[in-house]
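Next come the chains, spelled out residue by residue.
Number of protein chains: 2
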Amino acid sequence: MQKVEVDLGDRRYPIYIGPDLLGDQNLLSPHLRSRQVCVVTNTTVAPLYLERIKAALSGCQVDVVALPDGEQYKTLETANRIYDALLTAKHHRTTTLIALGGGVVGDMCGFAAATYQRGVNFIQIPTTLLAQVDSSVGGKTGVNHPLGKNMIGAFHQPQAVIADTAVLRTLPDREFAAGIAEVIKYGLIADADFFRWLEENMAALLAKDDAALSLAIERSCAIKADIVAQDEKETGVRAWLNLGHTFGHAIEAAQGYGKWLHGEAVAAGMAMALDLSKRIGWLDAEAPERLADLLGRANLPVYAPAIAVEQFISLMSADKKVLDGKIRLVLLKAIGSAVITDEVPRADLVATLEAMQAGT
Amino acid sequence: MQKVEVDLGDRRYPIYIGPDLLGDQNLLSPHLRSRQVCVVTNTTVAPLYLERIKAALSGCQVDVVALPDGEQYKTLETANRIYDALLTAKHHRTTTLIALGGGVVGDMCGFAAATYQRGVNFIQIPTTLLAQVDSSVGGKTGVNHPLGKNMIGAFHQPQAVIADTAVLRTLPDREFAAGIAEVIKYGLIADADFFRWLEENMAALLAKDDAALSLAIERSCAIKADIVAQDEKETGVRAWLNLGHTFGHAIEAAQGYGKWLHGEAVAAGMAMALDLSKRIGWLDAEAPERLADLLGRANLPVYAPAIAVEQFISLMSADKKVLDGKIRLVLLKAIGSAVITDEVPRADLVATLEAMQAGT
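From first to last, the protein sequence lines are chains C and W. Converting from the first sequence to the numbering used here requires adding 315 to each position, the first position being numbered 1. Converting from the second sequence to the numbering used here requires adding 315 to each position, the first position being numbered 1.
These aren't lab readings, by the way, just hints derived from the structure by calculation. Here the structure is a predicted model, which means the values were calculated and not measured. Any given hint could turn out to be false.
Any copy will do: because identical chains look the same in the list, a pair fits if it lies in one copy or spans two.
Derived pair list, reagent style DSSO-like, types lysine-lysine, alpha-carbon separation capped at 30 angstroms [unchecked claim]:
1. LYS318 with LYS593
2. LYS648 with LYS369
3. LYS593 with LYS369
4. LYS369 with LYS574
5. LYS318 with LYS405
6. LYS641 with LYS523
7. LYS593 with LYS405
8. LYS389 with LYS593
9. LYS523 with LYS369
10. LYS369 with LYS389
11. LYS574 with LYS405
12. LYS648 with LYS389
13. LYS318 with LYS641
14. LYS405 with LYS389
15. LYS574 with LYS318
16. LYS523 with LYS593
17. LYS464 with LYS389
18. LYS405 with LYS523
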């Protein structure tokens, strides 16, 4: 078992990483504040893993909220179902919520934990690779609003995260690949050695080898934890984590959310960010080529779908990372070295958008 | 003008207290983070004071959300109206929310500020005495749920509080008296000299003398700030602030919320807490008599309405201060000296409940 300590002052917490950790009572019980527990999960994940969690919680009052599966349910109304369940079963301030599922379950359970009786404890058991390497660290919780994604939320750190590599065997291939996109991102922004390791070990990862997965998750969480610890409230280096995301959000918005997975849009977005970095002279041709090769081997897109350039720029400008109307982008000076800039010449951005669409 | 500094580490903020502060641009403008402002108020307060606030914000983008007036609107649905307004008018993370109204407006505006884009700044301009001496300090924000009051919320500190004593002249007498109940509470739990000052100056307070009001608000906020600074997340001494509240919440719940004002229920609850303190031998007869006299002069109830004892105890057990099923109460060892206990003999509690109902 690997362990990453996320060090956020008085809110230090561990991420446990390895196969078959899910039902391990010894990992769960030290992080329960009382014998009251509420497991928040969804109707896809519950049949697979809920019984093992319950067995590990024997002796506790365990209530369960199984939400419908899908980003379209990440709303205040669905969060209200969690409050209903907690109040109906008389959960006190000392209760512990357990998020068992992917990013949507984690975000909503975390938001309910942040706001139930002004904040209760929670433990995350992410069941997708994306949630294991992304939502595990950073304390972002929240729900969507009809006028914008993640517009209602709070920062709330979990007591512990349990990232079980064995559960990834039941994850659909596309979702697994979407998680790999974020893993690749960590190498790109902060760790050239890790990027090289990914190039050498992609086959083992795709075969869901536990040792390779554990190492990849450990490195990803450690890199994110290091960045978040430097910048908990997202004012500086934390923006590195958005590599590929401003392009990616525009792709998701243009297509309607749900057609491409978030990780797929980020994959194409990262390829676009590296192409743009090359155009403005920060990178030579080798880095974009290595990324394209790696994304291709992971069955991830390298090109955006066809979107008119003006619409693409307009959607990028609507992203909430925009400050005072200027598009801020995360670009690379080298693999492992990210830079935030709002001074990209428009002509170069247009050239990237034209070059990096499928079929062009 | 009086000023209390609430010192919560990196979240230090001032409370300005005195007559005619409401429209003072010099108090507001240093606490705005950008030129975007959203004033959250209600339809009762807006006609009285909104124009003066707007005049003090000239040069800013000022949006206004006027909520319906009343505790029954303190819901997630109403909070959602604030999110709608913020998103429709494209408020950024750097916006500042201003709560103009009583406790309900302050709690909802604070909750929206705590959760809009994972947290934005807000300023409180409380227009009731209760809100000035209670919600001004402590960072508690939230909304009610059909199954319990304040069950959904967050801790979120304002940038500043402006407590204008002149606005209390438009406050209905019953609401003013309800605020006085909380002022009396501060004397009881932590400051015998202030309690004596209240005995000597109740007439001036009831006449809404600005100097007397300023002193009473200043002492109340200073006592609460001192307690909250010791115990920001409510694990220890902060529970003192609940003197009378476990009894009071049971009274409110038994009657249906809205029949008695919160401060009225707390007044009777404090009288019950002192009666119980006397029964278990912690107080002699003098302190409950002094309290009953002072509450009477402030036109506040000293006895609970008629409620069956078993129902009363059941409602007290449902209060969220209950830990592991035991009723925790704040009682007094002397005026100015509160103690938290969960070891009150049931027979004494029953005796207090039987003795302290109107008509018994």
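* State whether the alpha carbon distance between LYS523 and LYS369 is at most 30 angstroms within one copy, between copies, both, or neither. => within (26 angstroms within a copy, 60 angstroms between copies)
* Is it within, between, both, or neither for LYS464 and LYS389, if the alpha carbons may be no more than 30 angstroms apart? -> Intra 9 angstroms, inter 24 angstroms, cutoff 30 angstroms: intra and inter.
* How would you label the pair LYS405, LYS389 (within, between, both, or neither) given a Cα cut-off of 30 angstroms? -> both (24 angstroms within a copy, 21 angstroms between copies)
* Asked: For the identical chains here, do LYS318 and LYS641 meet the 30 angstroms Cα criterion within one copy, between copies, both, or neither?
  -> Neither: 40 angstroms inside a chain and 38 angstroms across chains, both beyond 30 angstroms.
* Asked: Are the CA atoms of LYS648 and LYS369 at most 30 angstroms apart within a copy, between copies, both, or neither?
  -> Classified as neither; 48 angstroms inside a copy, 46 angstroms across copies.
* Asked: Is the C-alpha distance from LYS593 to LYS369 at most 30 angstroms within one copy, between copies, in both cases, or in neither?
  -> neither (52 angstroms within a copy, 47 angstroms between copies)
* **LYS641 and LYS523: within-copy, between-copy, both or neither at 30 angstroms Cα** => neither (41 angstroms within a copy, 50 angstroms between copies)
* Up to 30 angstroms between alpha-carbons, please classify LYS318 paired with LYS593: within, between, both or neither. => neither (37 angstroms within a copy, 55 angstroms between copies)
* If the cutoff is 30 angstroms on CA atoms, where do LYS648 and LYS389 land: within, between, both or neither? Let me know, please. => neither (36 angstroms within a copy, 50 angstroms between copies)
* Asked: Using 30 angstroms as the alpha-carbon threshold, which applies to LYS593 and LYS405: within, between, both, or neither?
  -> Classified as neither; 57 angstroms inside a copy, 32 angstroms across copies.
* Asked: Between the shortest in-copy and the shortest cross-copy C-alpha distance, which are at most 30 angstroms for LYS369 and LYS389: within, between, both, or neither?
  -> within (24 angstroms within a copy, 36 angstroms between copies)
* At 30 angstroms max between alpha carbons, let me know whether LYS574 reaches LYS405 within a copy, between copies, both or neither. => between (39 angstroms within a copy, 25 angstroms between copies)
In the structure shown, a violation is registered for the earlier hints numbered 1, 2, 3, 4, 5, 6, 7, 8, 12, 13, 15, 16 and 18, in ascending order.
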